[in-house]
Amino acid sequence: DTEVTQTPKHLVMGMTNKKSLKCEQHMGHRAMYWYKQKAKKPPELMFVYSYEKLSINESVPSRFSPECPNSSLLNLHLHALQPEDSALYLCASSPRTGVSNYGYTFGSGTRLTVV
Amino acid sequence: TQLLEQSPQFLSIQEGENLTVYCNSSSVFSSLQWYRQEPGEGPVLLVTVVTGGEVKKLKRLTFQFGDARKDSSLHITAAQPGDTGLYLCAGVRETSGSRLTFGEGTQLTVNP
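Chains A and B supply the protein sequences, listed in that same order.
Per my numbering, the very first residue in the first sequence carries number 9; after that it's consecutive.
Per my numbering, the very first residue in the second sequence carries number 521; after that it's consecutive.
Honestly, the hints are just simulated from the structure, not real lab data.
Keep in mind that the hints are not guaranteed to be accurate.
To be verified - A partial selection of chain B residues facing chain A, derived with a Cβ cut-off under 8 angstroms: (1) Ser-527; (2) Ser-551; (3) Gly-562; (4) Thr-568; (5) Ser-618.
Ideal placement from N, C-alpha and C gives every residue a C-beta, glycine not left out.
Isolated chain A (complex conformation):
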């Protein structure tokens, strides 16, 4: 299995809703990432997990809450989002952090619309 699987593919939520994005990989990768991508822009790093521990939070608002329950799963919990949070949310994984010659494997993303 060489894929990163993200669910759901599309999500529409109200500003008072609570929802979660899920990401799964079975490649034995120990580094997992959340990126946010707005239309016509490159992906922007949000969070980095290394060996199931949060190692980087790029000053992301607390309405985004990441969780790594085990080495294969990564969640992003969403609460009280704003319309400007609408974007493509991408999950990625790599064998480990701190070794720069590993490429990342990205999922297909969750297209989030906040209404």
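Please build the complex by placing chain B on the supplied structure of chain A, with the hints as guidance.
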């Protein structure tokens, strides 16, 4: 100021033509990666270059890492419509640990 400057931003060419995309920075990178992204999908890794002066070939695609590890280029020979997509360079700076930072991207359209 963008850490990685990609050029051109947009490129529209005819099938069979050659093209080069550039990725430049004033910072030194431990590695540079090239990705291709199609609409509604995540980026797909094409190549990782880690050694200054390194050249890698992937069929009609040739990737080069600058000697000083501050820049990279992607050359496509005899472009085909299937090459259409958003090409992104991304790098890990020597001082940034695990942060992979993306350039703004080059939107390539190859017309039949």
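Interface restraint verdict for Ser-618 of chain B against chain A (beta-carbon cut-off 8 angstroms): Where the cut-off is 8 angstroms and the nearest Cβ of chain A is about 4 angstroms from Ser-618 of chain B, the hint holds.
Agreement of hint Ser-551 of chain B with chain A interface, Cβ distance less than 8 angstroms: holds (4 angstroms)
Agreement of hint Gly-562 of chain B with chain A interface, Cβ distance less than 8 angstroms: holds (3 angstroms)
Residue hint Thr-568 of chain B, partner chain A, criterion CB-CB below 8 angstroms: holds (5 angstroms)
Chain A contact restraint on Ser-527 of chain B - CB to CB distance below 8 angstroms: Ser-527 of chain B check fails; min Cβ-Cβ to chain A is 14 angstroms, beyond 8 angstroms.
Checked against the numbered hints listed earlier, the structure breaks hint 1 alone; every other hint is satisfied.
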